[in-house]
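Colleague: Sequence order for the protein chains is A and B.
Here the first sequence is numbered in this note's numbering, starting from 1 and rising by one per residue.
Here the second sequence is numbered in this note's numbering, starting from 1 and rising by one per residue.
Warning: the hint list may mix true and false statements.
[As the list claims (entries may be wrong)] Here are the computed lysine-lysine pairs in the DSS-like style, where the Cα-Cα straight-line distance is at most 30 Å:
id, chain 1, residue 1, chain 2, residue 2
1, A, Lys68, B, Lys9
2, A, Lys115, A, Lys22
3, A, Lys42, B, Lys14
4, A, Lys68, A, Lys22
5, A, Lys57, A, Lys22
6, A, Lys58, A, Lys68
7, A, Lys71, A, Lys37
8, B, Lys9, A, Lys37
9, A, Lys37, A, Lys57
For the record, the hints were derived by calculation from the structure and aren't laboratory data.
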Amino acid sequence: GENVEQHPSTLSVQEGDSAVIKCTYSDSASNYFPWYKQELGKRPQLIIDIRSNVGEKKDQRIAVTLNKTAKHFSLHITETQPEDSAVYFCAAWGFMIKAAGNKLTFGGGTRVLVKP
Amino acid sequence: NAGVTQTPKFQVLKTGQSMTLQCAQDMNHEYMSWYRQDPGMGLRLIHYSVGAGITDQGEVPNGYNVSRSTTEDFPLRLLSAAPSQTSVYFCASSPLIPGSHNSPLHFGNGTRLTVT
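Isolated chain A, as found in the complex (with noise of 0.2 Å):
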């Protein structure tokens, strides 16, 4: 099945600077890669999400990019906030063979610190 890696588990960044996770997955045959906010006592909530057609995509400040052949895919975050304090989490759509259908694998998780 699929394997999700990201990295790193935690990520302490000063107010304005930028931010990275990274993550790697291993099914050849996922396509798609949802990034998540997880605020804490809260429900995850999708911020971006990449196709495998596509390298790159931005939507202000949060932008991602994807890698087929090296098989990884990274969350940019510029200018970052004290908002931006959350556990971030990438996902990957790994297909299965038989037809009941297929599963999103999570990484474990980003905790992302934003000191004012």
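Position chain B relative to chain A; hints supplied.
Modeller: Chain B in isolation, oriented as in the chain A frame:
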């Protein structure tokens, strides 16, 4: 739309008790899934379903059963609760089979379960 509704929000069980965590969505989503999140950890897939009458196992299915008799509901049953099942449980749904149309997963607010 209420989105994805989970009940109860909190539950305390004694070892050996059984119970059902409820999950309902009113968005006509075909794909539904259950994750557990242990403190400071990532999201691990328990079971998932790609439509009424179809379910499959995720990474950590032992000790849990699911059924999908309707599109709207996807209950998770704990057969004989154990302290190792203390966790936060998230139900999530998606409008289409993930991977084929790259639809984002919508999460419920979670059920915090403690087994003593």
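Colleague: Would the pair A/Lys115 and A/Lys22 pass a check requiring their Cα atoms to be no farther apart than 30 Å?
Modeller: The given pair, whose Cα atoms are some 21 Å apart, holds under the 30 Å limit.
Colleague: What's the verdict on A/Lys58 and A/Lys68, does the C-alpha distance respect the 30 Å limit or exceed it?
Modeller: Holds - the C-alpha atoms of A/Lys68 and A/Lys58 are around 18 Å apart, at most 30 Å.
Colleague: For a C-alpha distance cap of 30 Å, please report whether A/Lys71 and A/Lys37 respect it.
Modeller: 22 Å, holds
Colleague: Under the criterion that the straight-line Cα-Cα distance not exceed 30 Å, is the pair B/Lys9, A/Lys37 satisfied?
Modeller: Distance of about 21 Å is within 30 Å: holds.
Colleague: Is A/Lys68 within 30 Å of A/Lys22, Cα to Cα?
Modeller: The given pair, whose Cα atoms are some 13 Å apart, holds under the 30 Å limit.
Colleague: Quick one, are A/Lys42 and B/Lys14 close enough, alpha carbons at most 30 Å?
Modeller: The given pair, whose Cα atoms are some 26 Å apart, holds under the 30 Å limit.
Colleague: Hint check: A/Lys37 vs A/Lys57, CA-CA at most 30 Å. Holds or violated?
Modeller: 17 Å, holds
Colleague: Quick one, are A/Lys68 and B/Lys9 close enough, alpha carbons at most 30 Å?
Modeller: This hinted pair is violated, its Cα atoms lying about 39 Å apart.
Colleague: Between A/Lys57 and A/Lys22, is the straight-line Cα distance small enough, at 30 Å or below?
Modeller: 15 Å, holds
Of the numbered hints given earlier, the model fails hint 1 alone.
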